[in-house]
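Chemist: Whenever a hint applies, use it, and build me the whole structure from the sequences.
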Amino acid sequence: MAKAKDKDKKNTGGTIALNKRARHEYHIDQRYEAGIALQGWELKALRAGRINFGDGYAVVLKGELFLVGTSIPPLISASTHVVAVDRRTRKLLLHRQEIDQLIGAVERKGYTLVPIAMYWKGNKVKVEIGLARGKQEHDKRNTEKERDWQREKQRTMRSHNREA
Numbered sequence: 001m002a003k004a005k006d007k008d009k010k011n012t013g014g015t016i017a018l019n020k021r022a023r024h025e026y027h028i029d030q031r032y033e034a035g036i037a038l039q040g041w042e043l044k045a046l047r048a049g050r051i052n053f054g055d056g057y058a059v060v061l062k063g064e065l066f067l068v069g070t071s072i073p074p075l076i077s078a079s080t081h082v083v084a085v086d087r088r089t090r091k092l093l094l095h096r097q098e099i100d101q102l103i104g105a106v107e108r109k110g111y112t113l114v115p116i117a118m119y120w121k122g123n124k125v126k127v128e129i130g131l132a133r134g135k136q137e138h139d140k141r142n143t144e145k146e147r148d149w150q151r152e153k154q155r156t157m158r159s160h161n162r163e164a
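Position one of the sequence shown corresponds to residue 1 (the numbering used here), numbered consecutively onward.
Just so you know, the hints here were simulated from the structure itself, not pulled from any lab data.
One or more hints might be untrue.
Computed cross-link-like contacts, BS3-like style, restricted to lysine-lysine with a CA-CA straight-line distance of at most 25 Å [unchecked claim]:
(1) Lys91 / Lys20
(2) Lys109 / Lys135
(3) Lys44 / Lys135
(4) Lys145 / Lys135
(5) Lys145 / Lys62
(6) Lys44 / Lys145
(7) Lys44 / Lys20
(8) Lys126 / Lys44
(9) Lys20 / Lys124
(10) Lys20 / Lys121
(11) Lys140 / Lys153
(12) Lys124 / Lys91
(13) Lys109 / Lys62
(14) Lys140 / Lys109
(15) Lys91 / Lys121
(16) Lys135 / Lys20
(17) Lys91 / Lys126
(18) Lys91 / Lys44
Modeler: Next comes the structure, spelled out in structure tokens:
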């Protein structure tokens with residue numbers, strides 16, 4: 001019985017991938033947790049950590065949300081009777097009320113839906129979707145300056161604490 005509990009702890013939680021580029025290029029106003037419809041070979045590839053969603057985004061089609069541009073390359077040992085398309089469009093699973101809110105923000109206010117993170121929640125894969133606005137070039141520079149200042153401040157504090 002103890003071994004089964006240890007096995008469950010390994011599979012629960014844990015980040016599969018982060019989209020660092022999204023944080024750099026967008027102001028993220030709201031975050032939503034969405035399920036994603038995957039095939040069996042895709043789950044096996046995700047367990048191996050094979051995903052790239054730097055170019056990914058979510059789009060609204062016929063009142064539903066889909067993840068486009070995300071690449072999940074198949075494993076070499078993938079099944080031969082399944083045609084594995086690594087950049088296929090995958091359906092995102094949200095409640096109707098959340099979908100309606102997102103559709104309103106995208107169509108009326110000009111927001112973009114970008115994937116921020118993909119992670120395990122129990123034995124299911126979840127995608128964190130951000131309701132985002134694009135950053136201007138000067139915003140990116142300000143963010144970079146702020147990050148450098150925080151880093152320098154940490155270094156100064158560390159060196160000061162060592163002396164004390």
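Chemist: Now, for every hint given, state plainly whether the structure supports it.
Modeler: Now the hints, each set against the structure:
1. Distance restraint check for Lys91 and Lys20: the Cα-Cα separation of roughly 22 Å lies within the 25 Å cut-off, and the hinted pair is therefore satisfied.
2. Between Lys109 and Lys135, the direct Cα distance comes to roughly 15 Å. Compliance with the 25 Å bound is thereby established for this hinted pair.
3. A threshold of 25 Å between alpha carbons decides the hint, and for Lys44 with Lys135 the separation of about 35 Å lies outside it, so the pair is violated.
4. For the proposed pair Lys145 and Lys135, the alpha carbon gap of about 15 Å is at most 25 Å, so the pair holds.
5. For the hint linking Lys145 to Lys62, the alpha-carbon distance of about 42 Å lies beyond 25 Å, and the restraint is violated.
6. Restraint check for Lys44 and Lys145: the C-alpha separation of about 40 Å exceeds 25 Å, so the hint is violated.
7. For the proposed pair Lys44 and Lys20, the alpha carbon gap of about 23 Å is at most 25 Å, so the pair holds.
8. The hinted pair formed by Lys126 and Lys44 meets the criterion: a straight-line CA distance of about 15 Å does not exceed 25 Å.
9. For the hint pairing Lys20 with Lys124, the CA-to-CA distance comes to about 22 Å; that is within 25 Å, so the pair holds.
10. Proposed proximity of Lys20 and Lys121 is supported: the alpha carbons are some 20 Å apart, at most 25 Å.
11. Pair hint Lys140 plus Lys153 holds up; C-alpha atoms about 20 Å apart against a cutoff of 25 Å.
12. In summary, the hint linking Lys124 to Lys91 is supported, as the alpha carbons are separated by about 14 Å, within the 25 Å threshold.
13. Distance restraint check for Lys109 and Lys62: the Cα-Cα separation of roughly 19 Å lies within the 25 Å cut-off, and the hinted pair is therefore satisfied.
14. Distance hint between Lys140 and Lys109 is fulfilled; the C-alpha atoms sit about 22 Å from each other, no more than 25 Å.
15. Our distance criterion of 25 Å between C-alpha atoms is met by Lys91 and Lys121, whose separation comes to about 18 Å.
16. Using a Cα cut-off of 25 Å, the hinted pair Lys135 and Lys20 holds, with the two alpha carbons roughly 14 Å apart.
17. This hinted pair checks out: Lys91 and Lys126 have alpha carbons roughly 12 Å apart, not beyond 25 Å.
18. For the hint linking Lys91 to Lys44, the alpha-carbon distance of about 18 Å falls within 25 Å, and the restraint holds.
The structure fails hints 3, 5 and 6 (numbered hints given earlier, in ascending order).
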